[in-house]
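Engineer: Chains F and X, in that order, are what the protein sequence lines are. Counting from 1, one number per residue, gives the positions in the first sequence under the numbering used here. Counting from 1001, one number per residue, gives the positions in the second sequence under the numbering used here.
To be clear, the hints were calculated from the coordinates, so they are not data collected in a lab. Do not rely on the hints blindly, as some may be mistaken.
Stated by the list, open to error - Beyond 10 Å from chain X on every Cβ pair, some chain F residues (computed):
id, residue
1, 16
2, 27
3, 38
4, 51
5, 56
6, 72
7, 98
8, 136
9, 140
What the hints assert, rightly or not - Derived coverage of chain F by chain X (criterion: at least 3 residues anywhere in the stretch with Cβ under 8 Å from a Cβ of chain X; other residues may be distant):
id, stretch
10, 144-153
11, 206-219
The beta carbon of each residue, even a glycine, is placed where N, CA and C say it ideally should be.
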Amino acid sequence: MDFFDMRWDIIWNYREMFLHGIWVTISLTICGYLGGLILGILLGLGKTSKRKWIYWPAKIYVDLFRGTPMLVQILIIHLALIPSIFGQSYGFMVSGIITLILNSGAYIAEIMRAGIESIDKGQMEAARSLGLTKNKAMIKVILPQAFRRMIPPLGNELIALLKDSSLVTVIAANDILYASKVVAGATFKIWEPYIAAAALYLILTFVLTKIITFIEKRFSNNFNPRKKNTGKKGHSQNKDEGQVAA
Amino acid sequence: MIKIKNLHKNYGNLEVLKGIDYEVKEKEVVCVIGPSGSGKSTFLRCINLLEEISDGEVFIGDVKVNDPKTDINEIRTEVGMVFQQFNLFPHMTVIDNITMAPIQVRKMAKKDAEKLALELLDKVGLQEKAYNYPEQLSGGQQQRVAIARALAMKPKVMLFDEPTSALDPEMVKEVLDVMKQLADEGMTMVIVTHEMGFAREVADRVVFMDGGYIVEEGHPEEVFGNTQNERTKSFLGKVL
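Could you build all of it, start to finish, from the sequences and the hints given here?
Structural biologist: Here it is in structure tokens:
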């Protein structure tokens, strides 16, 4: 094949299809991620629970979905699970989003668990010793700190999910990769459509990485003062030196 | 105020507390001393049930702490605790650290809670740090904030778990001064400490623990000045 004889005008002719593919990929990723976030928070809390009937179902779920390929999950859900529950298929979008939610939920659960467990035990003890219930201590003390630590791995998961969403092509979802396959089939050109797909995914992940880096910088683990009210004067001289008036 | 009867605590096969009987009267300041691993901290943490009690009974006032019917959260509002590692909440400003529990647990209005917090900060000499974050404070300042945070619940008893052990030497005094002031005001306090000078000066009673038992107990002058027990003698010989 002649590498320098690329016909990029073919891609341009199919631009509608690629644009639609981008749209499908983005909606699959966003819906899957947001759903996965909710599911993951619940499962992650379940995995930190001391109650066995909460812990074990959460653990088995996470192990199941992290231990099997997403490609297999997509096929089982689209071809077997949904038809046998509802008697019909609701199309690739529904199957795709459900799979992405169920799959990313398992990964996000692990991120949650690790984030919660990374917070020093003394934080929970301090909160409980003040009379807070376990749930309140979780909401007010543990989770706000854990979420800050979870931002980087959650960002990784979002990027991984965007790329993994290309697997829904196997159930004929018309995402970016599907557009390339169609173009390749119709024009017998291989390089151009698949390079176009790779480039589009690359652009999407690049933009996402930039956004995530911004969020990381904004919220990451340092608790910078917002300079709210440091200049309060009048009440005391500088007692910084630790001289407490007896 | 605090009554402890035949308190046992095991971690699996390891028996940390082997039957403790003790009573802390109102307004009394009790210092618990002893070598590391003697069960001092565990003893203290059993009082507000941060450690589950394996056997025995702990009463605060008339309420049995380790009774399944007791609302432990309510007990804990009456028992302030100060930790070795301060355990301030790093994502909150100093004032939010202090007002959080009164607002969440006592349902105090935010304005009242902040007023109370500023009073307490004034008491520990840190009012101008109210809107700083804990990480901007020195260890001694953090520990004083932690004391203010515990006091905001208006507890009847304060428990101190080696409050100065994690501090640089020059910051120990500022924390001990706050505790001394608290003792002078009549707060009931149980203090696990290695500060023998402080124990001798401030405590009403000194308890020496070793190997999961209370080995010796008495007025500080008796324990330090006229030591009876051999183990106490050898311990004090090493630390004094």
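Engineer: If a hint holds in the structure, say so; if it does not, say that too.
Structural biologist: Status of each hint after checking the structure:
No beta-carbon of chain X is positioned within 10 Å of the beta-carbon of residue 16 (chain F); the least distance is around 48 Å. Once the 10 Å rule is applied to beta carbons, residue 27 (chain F) is consistent with being away from chain X; the minimum gap is 34 Å. The beta carbon of residue 38 (chain F) sits about 23 Å from the closest Cβ of chain X, which is more than 10 Å, so the claim that it is off the interface holds. Its beta-carbon lying about 16 Å from the closest one in chain X, residue 51 (chain F) satisfies the requirement of being farther than 10 Å from that chain.
At roughly 22 Å from the closest C-beta of chain X, the C-beta of residue 56 (chain F) stays outside 10 Å, upholding its exclusion from the interface. Non-interface status of residue 72 (chain F) relative to chain X is upheld: no Cβ of that chain comes within 10 Å, the nearest being about 41 Å off. Its beta-carbon lying about 35 Å from the closest one in chain X, residue 98 (chain F) satisfies the requirement of being farther than 10 Å from that chain. For residue 136 (chain F), the shortest C-beta to C-beta distance to chain X comes to about 6 Å, within the 10 Å cut-off, and the non-interface label is violated.
With a cut of 10 Å on Cβ distances, residue 140 (chain F) falls inside the contact zone with chain X, its closest approach being about 6 Å. For a cut-off of 8 Å, the count of residues in the stretch 144-153 of chain F with a CB near a CB of chain X stands at 3, and the three-residue condition holds. With 0 residues having a Cβ less than 8 Å from any Cβ of chain X, the stretch 206-219 of chain F misses the three-residue criterion, and the hint is violated.
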